[in-house]
Every structure is written in C-alpha cells, then in structure tokens.
Amino acid sequence: MPKRKFVQIQLPAMKPDCCNECPLLGLVPKHLRQPGSKETHVCCGTLDALNARIARVRASERDKRHPLRRPCDSRWDAWQTLPLRRLGISTEVFTECRVPLEMQSQLQIKFHNRGRK
271 MPKRKFVQIQ LPAMKPDCCN ECPLLGLVPK HLRQPGSKET HVCCGTLDAL NARIARVRAS
331 ERDKRHPLRR PCDSRWDAWQ TLPLRRLGIS TEVFTECRVP LEMQSQLQIK FHNRGRK
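Under the working numbering, the letters of the sequence shown match residues 271 to 387, in that order.
Treat the hints with caution; some may be incorrect.
Across the chosen pairs, the derived CB separations fall in these ranges [stated by the list, open to error]:
1. D333 - T361: 33 to 41 Å
2. E362 - S307: 15 to 23 Å
3. P299 - R326: 18 to 26 Å
4. P305 - K334: 34 to 42 Å
Think about it this way: if two alpha-carbon atoms lie no more than 25 Å apart in a straight line, the pair counts; the simulated DMTMM-like pairs of lysine to aspartate or glutamate are [as the list claims (entries may be wrong)]:
5. K285 - D333
6. K285 - D347
7. K334 - D347
8. K285 - E331
9. K334 - D318
10. K285 - E372
11. K300 - E372
12. K285 - E309
13. K300 - D318
14. K308 - E366
15. K273 - E366
16. K300 - E362
17. K275 - D318
18. K308 - E291
19. K308 - E362
It should be emphasised that the hints constitute simulated quantities derived from the structure, not laboratory data.
We put the CB at the ideal spot given by N, CA and C, even for glycine.
Turn these sequences into a full structure, and let the hints steer you where they fit.
Encoded structure:
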C-alpha cells in the first residue's frame with residue numbers, strides 16, 4: 271500500500287480575516303526555530319515564518335495606508351481555483367507544524383480523582 275505523501279486541506283470560500291483562523295497556519299517546531307527570532311508560526315501553504323503578533327492581526331482592521339501583507343496574498347486566488355478548494359501539503363509539514371497547533375488549541379481538562387468506592 272503506498273504511503274500518503276500529501277494531506278488535503280479544505281480551504282474556506284473566503285480568505286480568513288486573520289492567519290489564526292486559517293487552516294494552513296502551523297507552529298514552527300522548536301528545534302527549527304532560530305535563536306533570538308520571534309517567528310513561531312508558519313504558513314503551511316507557503317512555508318513562510320510569521321511571528322504570533324502578525325498571525326493575530328485582522329485584515330479588516332487595516333487601511334490603505336497600513337495594508338496587511340500576508341505570505342499567501344499572491345497565491346490565495348490560485349488556490350481557490352483548485353478542485354473542491356483542497357490544497358495538498360506535505361504529510362511531514364502537516365505532522366510537524368499543523369498538528370501541534372491543533373493540539374495546543376484543545377481544551378486541557380484537569381480531572382480530579384475523587385475516591386469513589
């Protein structure tokens with residue numbers, strides 16, 4: 271059975287207002303981060319690093335004098351023409367970058383064992 275080399279990511283119909291809402295945003299693995307750099311996030315579609323502040327900025331809050339420049343700006347329209355708006359990204363990039371971000375957003379529930387008899 272062939273090994274899957276790509277994971278298909280469903281893109282939204284409209285470009286998200288901020289990178290935090292995008293299904294392509296991931297975390298840079300700690301062993302790949304450069305010392306002193308604040309770039310902790312990565313766009314899995316372009317493999318461009320972002321810092322957390324830029325990932326949170328909303329495009330709707332920006333104006334013509336201060337436009338928001340995102341790594342995917344030049345590619346988003348082309349990605350929308352893909353069949354079913356599904357973008358294939360490497361399985362390795364998905365498991366190293368996207369999965370840790372999804373796990374981080376999960377609620378961490380602390381259960382307290384009460385001695386039931």
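Outcome of the hint check:
One distance hint, 33 to 41 Å for the beta-carbon pair D333 and T361, holds here, with the actual separation near 40 Å. At about 21 Å, the beta-carbon gap between E362 and S307 stays in the expected band of 15 to 23 Å. The given range of 18 to 26 Å is respected by P299 and R326, whose C-beta atoms sit roughly 21 Å from each other. Between P305 and K334 the beta carbons are some 37 Å apart, a value that agrees with the proposed interval 34 to 42 Å.
For a cut-off of 25 Å, the pair hint linking K285 to D333 stands: about 17 Å separates their Cα positions. Proximity of K285 to D347 is assessed by CA-CA distance (about 9 Å); at most 25 Å being required, the pair is judged to hold. At most 25 Å may separate the alpha-carbon atoms for a hinted pair to count; K334 and D347 meet this at roughly 20 Å. Simply put, K285 and E331 have alpha-carbon atoms about 15 Å apart, close enough for the 25 Å limit, and the pair holds.
Restraint check for K334 and D318: satisfied, since their Cα atoms lie roughly 24 Å apart, inside the 25 Å limit. With a C-alpha separation of about 20 Å, the suggested pairing of K285 with E372 holds against the 25 Å cut-off. At most 25 Å may separate the alpha-carbon atoms for a hinted pair to count; K300 and E372 meet this at roughly 16 Å. Between K285 and E309, the direct Cα distance comes to roughly 22 Å. Compliance with the 25 Å bound is thereby established for this hinted pair.
Only pairs whose Cα atoms come within 25 Å are accepted, and K300 paired with D318 is accepted, the gap being roughly 16 Å. Under the criterion of a C-alpha separation no larger than 25 Å, the hint pairing K308 with E366 is consistent with the structure, at around 18 Å. Between K273 and E366 the alpha-carbon distance is near 17 Å, which keeps this suggested pair within the 25 Å criterion. Between K300 and E362 the alpha-carbon distance is near 15 Å, which keeps this suggested pair within the 25 Å criterion.
For the given pair, K275 sits about 20 Å from D318 by alpha-carbon distance, which is consistent with the 25 Å threshold. A distance of roughly 20 Å separates the Cα atoms of K308 and E291; the hinted pair therefore holds under the 25 Å criterion. For the hint linking K308 to E362, the alpha-carbon distance of about 23 Å falls within 25 Å, and the restraint holds.
Checked against the numbered hints listed earlier, the structure breaks none of them; every hint is satisfied.
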